[in-house]
Amino acid sequence: MHCVNSKLVCTLLLIGWFGSAMAGEDATVDAERLQDALRRSFSGATPEEWKTRVEQDRNQTLCSRYRNAPPPDIAAAISAEALSSVRYPESNKLLGDWKKGEQLAMISGGGQVSRIVPDPAGTRRGGNCFACHALSVKEVAAGNLGPVLTGFGKARGTSTETVRYTYEKIYNAQAYFACSFMPRFGHNGWLTPDQIADLVAFLLDPQSPVNR
Amino acid sequence: MTSFASMWPRLLLALLLPCLWCIVARADDAQDARTREEINKYREMLQEGNPAELSEARGEELWTTRAGPRNATLEQCDLGLGPGKLEGAYARLPRYFADTREVQDVESRLVTCMVELQGLTREQATRGWYQANSDMEGLVTYIAGKSRGASIETPQVHPAERDMNALGNALFFRRSGPLDFSCATCHSQPDRRIRLQEVRDLLLPEDARIVLTQWPAYRVSQGQVWTMERRLMDCMRQMRWPEPGYLSEALIALQVFLQKQAAGGVMQAPGIKR
Numbered sequence: 001m002h003c004v005n006s007k008l009v010c011t012l013l014l015i016g017w018f019g020s021a022m023a024g025e026d027a028t029v030d031a032e033r034l035q036d037a038l039r040r041s042f043s044g045a046t047p048e049e050w051k052t053r054v055e056q057d058r059n060q061t062l063c064s065r066y067r068n069a070p071p072p073d074i075a076a077a078i079s080a081e082a083l084s085s086v087r088y089p090e091s092n093k094l095l096g097d098w099k100k101g102e103q104l105a106m107i108s109g110g111g112q113v114s115r116i117v118p119d120p121a122g123t124r125r126g127g128n129c130f131a132c133h134a135l136s137v138k139e140v141a142a143g144n145l146g147p148v149l150t151g152f153g154k155a156r157g158t159s160t161e162t163v164r165y166t167y168e169k170i171y172n173a174q175a176y177f178a179c180s181f182m183p184r185f186g187h188n189g190w191l192t193p194d195q196i197a198d199l200v201a202f203l204l205d206p207q208s209p210v211n212r
Numbered sequence: 001m002t003s004f005a006s007m008w009p010r011l012l013l014a015l016l017l018p019c020l021w022c023i024v025a026r027a028d029d030a031q032d033a034r035t036r037e038e039i040n041k042y043r044e045m046l047q048e049g050n051p052a053e054l055s056e057a058r059g060e061e062l063w064t065t066r067a068g069p070r071n072a073t074l075e076q077c078d079l080g081l082g083p084g085k086l087e088g089a090y091a092r093l094p095r096y097f098a099d100t101r102e103v104q105d106v107e108s109r110l111v112t113c114m115v116e117l118q119g120l121t122r123e124q125a126t127r128g129w130y131q132a133n134s135d136m137e138g139l140v141t142y143i144a145g146k147s148r149g150a151s152i153e154t155p156q157v158h159p160a161e162r163d164m165n166a167l168g169n170a171l172f173f174r175r176s177g178p179l180d181f182s183c184a185t186c187h188s189q190p191d192r193r194i195r196l197q198e199v200r201d202l203l204l205p206e207d208a209r210i211v212l213t214q215w216p217a218y219r220v221s222q223g224q225v226w227t228m229e230r231r232l233m234d235c236m237r238q239m240r241w242p243e244p245g246y247l248s249e250a251l252i253a254l255q256v257f258l259q260k261q262a263a264g265g266v267m268q269a270p271g272i273k274r
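Line order of the protein sequences matches chains A and B. Take the first sequence: its position 210, counting from 1, is numbered 210 in our numbering, and each next residue is one higher. Take the second sequence: its position 150, counting from 1, is numbered 150 in our numbering, and each next residue is one higher.
Read the hints as simulated data drawn from the structure, not as lab findings. Predicted, not measured: the structure shown is a model, and the values here were computed from it. Treat the hints with caution; some may be incorrect.
[Said to hold, decoys possible] Among the chain A residues that face chain B by a calculated CB cut under 7 angstroms, a handful are:
{"#": "1", "residue": "41"}
{"#": "2", "residue": "44"}
{"#": "3", "residue": "45"}
{"#": "4", "residue": "51"}
{"#": "5", "residue": "53"}
{"#": "6", "residue": "112"}
{"#": "7", "residue": "114"}
{"#": "8", "residue": "117"}
{"#": "9", "residue": "120"}
{"#": "10", "residue": "123"}
{"#": "11", "residue": "141"}
{"#": "12", "residue": "144"}
{"#": "13", "residue": "183"}
{"#": "14", "residue": "184"}
Quick reminder that beta carbons are idealized off the backbone N, C-alpha and C, glycines included.
Could you build all of it, start to finish, from the sequences and the hints given here?
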């Protein structure tokens with residue numbers, strides 16, 4: 001390691017090295033070994049479950065490989081691809097109904113496959129936004145894995161750019177932050193474009209509990 | 001051994017905890033720290049009368065009761081420290097066993113013993129393992145209790161043990177499924193919550209110890225003790241992954257990785273959880 005040019009650079013490199021050592025990167029396993037273990041461990045999964053829930057797409061492979069901190073060039077490629085994946089509602093109306101959005105934001109279940117704890121029939125899928133974000137002014141039981149979004153619309157207004165950004169962020173969060181922890185709700189087909197428009201309204205509408 | 005009758009007040013308290021949870025869950029955000037403190041206080045109160053003690057007592061009885069086609073007890077079962085040696089054994093699992101040539105956790109090792117010593121089939125040994133009052137629940141609780149006060153020290157000596165740690169590490173960061181989740185999504189940053197539920201940073205040894213020293217644990221909301229395999233399977237359910245097989249490699253590898261993260265933590269299991 002050449003530490004003559006800049007003490008700062010060397011300090012950063014050392015911090016980086018310690019950081020990765022603490023995350024346990026001394027231990028590595030090759031891709032084939034991992035794949036074999038998955039095949040054996042999830043042998044009870046249906047072909048459909050295997051394809052959609054165990055196998056990774058390219059994005060998941062990259063974000064796992066770089067432990068959610070991809071180098072700049074790869075991060076840029078991930079974001080560009082994410083942005084180009086966004087599909088808009090047929091009506092092209094990106095600002096929907098905040099009341100429907102609020103309901104969706106509160107739904108936490110749905111889409112679980114388990115033999116021990118099966119989803120009750122007819123369980124709806126939602127965004128479960130409160131799990132990670134503070135949103136409505138009056139809802140205090142909010143998680144903090146994601147940023148606080150209370151007053152999101154109040155601070156930003158409802159310009160075309162803001163509406164579009166908000167829609168794209170929910171559709172595929174990685175368009176604006178490669179390997180974000182946030183699910184790619186639209187890209188993965190978890191929520192429909194119209195449902196995402198309702199969530200946009202929940203965040204931006206001045207009448208929404210997020211903003212009043 | 002605590003008599004069943006004397007445990008009733010404690011059980012009542014356990015049943016009341018979910019109600020208390022609703023009340024504290026409504027507390028103001030600014031009172032977060034106070035809320036946590038209150039919850040911890042109730043936890044401590046419960047810890048003195050953890051209903052898991054019933055499960056522990058049942059496990060002890062199962063351990064010494066003859067069963068299976070061979071009409072044998074499990075007392076000669078080797079959990080890594082020699083036949084019948086239980087003190088501190090849980091704190092040193094999972095580990096490599098030469099006879100099976102596998103890294104095994106407490107659950108897979110118990111199945112080996114039921115098969116080898118008692119003559120049960122694997123199917124018989126694992127049937128209904130996740131249900132309340134299952135033999136597995138009792139035995140795992142009993143064995144974990146025998147490690148109270150022991151330091152977590154999962155061995156990393158045999159190549160297979162190191163391989164399983166590497167596998168667990170890779171699985172921890174592996175994103176998949178319709179919500180793009182990996183374990184790291186919720187468990188790689190300090191001081192995080194899902195709603196009001198704390199989720200520990202399992203890459204931080206202090207946090208990992210808090211978690212791993214408490215499992216298996218009595219889950220008040222479920223009314224039963226959950227083993228670590230059950231705990232991990234339920235994480236995967238919520239991550240929208242498929243259900244992994246019981247005793248599967250992925251579940252054991254994750255335990256090796258997590259136990260290693262929590263090395264040095266002093267076992268207090270069986271714990272009590274929401």
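Which numbered hints turn out to be false for this structure?
4, 9 and 10
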